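Enquirer: All letters in the sequence shown, in the order written, are residues 1 to 464 by the working numbering.
Hints are not guaranteed to be accurate.
What the hints assert, rightly or not - Okay, derived cross-link-like pairs now, SDA-like style, lysine to any residue, Cα gap no bigger than 25 Å in a straight line:
no.: 1; residue 1: Lys259; residue 2: Arg244
no.: 2; residue 1: Lys24; residue 2: Leu288
no.: 3; residue 1: Lys239; residue 2: Asp200
no.: 4; residue 1: Lys83; residue 2: Gly69
no.: 5; residue 1: Lys259; residue 2: Cys14
no.: 6; residue 1: Lys42; residue 2: Ile118
To be verified - DEER-style ranges, computed between Cβ atoms:
no.: 7; residue 1: Thr163; residue 2: Ser206; range: 16 to 26 Å
no.: 8; residue 1: Glu114; residue 2: Ala36; range: 46 to 56 Å
no.: 9; residue 1: Asp396; residue 2: Val350; range: 47 to 57 Å
no.: 10; residue 1: Ala387; residue 2: Val350; range: 38 to 48 Å
no.: 11; residue 1: Glu197; residue 2: Asn21; range: 33 to 43 Å
no.: 12; residue 1: Gln357; residue 2: Lys324; range: 22 to 32 Å
no.: 13; residue 1: Gln341; residue 2: Ala308; range: 41 to 51 Å
no.: 14; residue 1: Met90; residue 2: Ala235; range: 48 to 58 Å
Keep in mind that the hints were calculated from the coordinates and are not lab data. Since the structure is predicted, the reported quantities are computational estimates derived from the model, not experimental observations. Note that the Cβ used here is the ideal one computed from N, Cα and C, for glycine as well.
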Amino acid sequence: MIKRRVGIEITDQCIRMAVFNDDKQNPTLLQHTERAVDADSKIGELLLEMLGSRPGIADRTCSTLTSAGFVRQLSFPFRDARKIAAAARMELTAQLPSDISDHVIATSAPQDSEGDAIVTAATATEEQITAALEPFEGNQFPLHVLGLSPFTEACGIKDWFDTGILIQLHQNQLLISLIQQGDVVSFETCGQVSSAECDDAPSLASRIHREVAMMCRSARVNNQPLCLIGDNVTAELSKALNERDYQLVELPIHANSQKIDPAFLPVCARALAANQPTINFRTGPFTLKSEWAAMKKHLYSGAALLGAALIIMSATAIRTYQHKTDIAEGYRKQMTQIFRQTLPNTRAIVNIPMQLQSALQQLQTTGALMGVDKSTSALSVLREFSAHTPTDLKVDIKNFNMEEYSLVVDGETNSFDSINRLTSELQRSAIFTKVDIADAKTSIDGKSVNFRLQINIGLQGGQS
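Throw the hints in and build the complete structure from the sequences for me.
Expert: As structure tokens, then:
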């Protein structure tokens, strides 16, 4: 979004507006407009309509007071702006013959002069400032700079015209200012210029010549170049001044590659001064409560609400954590109590769940070996083997080797027929899924038969 500098002039007959971009090196005139007004015109709405939109936060607007109370140059041994603002009132009170207690004081930027700071201090009554700000109050068109002619105009054009005589022939008023190095050294309000005098260019040029000569003699300077601005400036007047050997400086402000009407030059100068350090009566009780100030208020409110929300969330999180911690501590105490009741002989408590799981696994292993469960434990297999061994057979078991799902039995009996009978009976068992005779042979003395059985173990049996 482009930053804009807006100059505004409001009179009883019309409103003039000039808008420049924010390029300080090569300012470009974006638009210049004029609207006629009357007593019933709504100035705020007209300003918004002329600008085309509400001024943005980065935009700067400027207007001026046409006259003020008093203007003096003051010298101070310090440059601090707050100190100067405080001392300026005391200094002006001491210098001026009138009471300025109801005046607002505005100062220019300090300039160095032999180690001191020189400032131009101007005063205006609160009534003057209130009247000038009335069109901008209570609407969406803020005014950032309320300057003072000719200081504001001189500040705006100083990059093009920093030394010479500024002639403001505007609204049938003549204001002549001596500018040196961009600063107004002296100025003279020469009063009203009649319409007849404006039409008589030689006569008006003669009057301007007298006023300029007096100002140059008073300031002890030689003839200076002239810069003419205002709606009463005409080509005939410029020609008449040229004939008096004056050098005329034209401001390089163009619209659509054409020279701008001199009537817009004052408001253009104000626009260019909108972001420059110049006299500004927007101070003290008239300081602009800008969009940024309003936005900061909303930001502070939002930050306060956000802070309150964070505090509530933090308190809730801490409370929830404490509640869960209390529950976990209760569970830990219950687990410790159960552990003590279940394993009273265990002294060291390191990890209760793992210790209980280890004790359970050990108990399951012992139960499996003892046959107290429904699994095929060694004891249950041995019991099943004995139950299916015929009682009339003579069987001597030498080796009983059991693995997870298999059993190897080495033994001795009196005949091969006895082996066959034993195998047949074992196959009737529900847990022996398969019974094979792995080996059978007569002993060395021929009195017995040695055998080896291989048996598959399962939860349900069947003959193989």
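Enquirer: In ascending order, which of the hints set out earlier in this document are inconsistent with the structure?
Expert: 6
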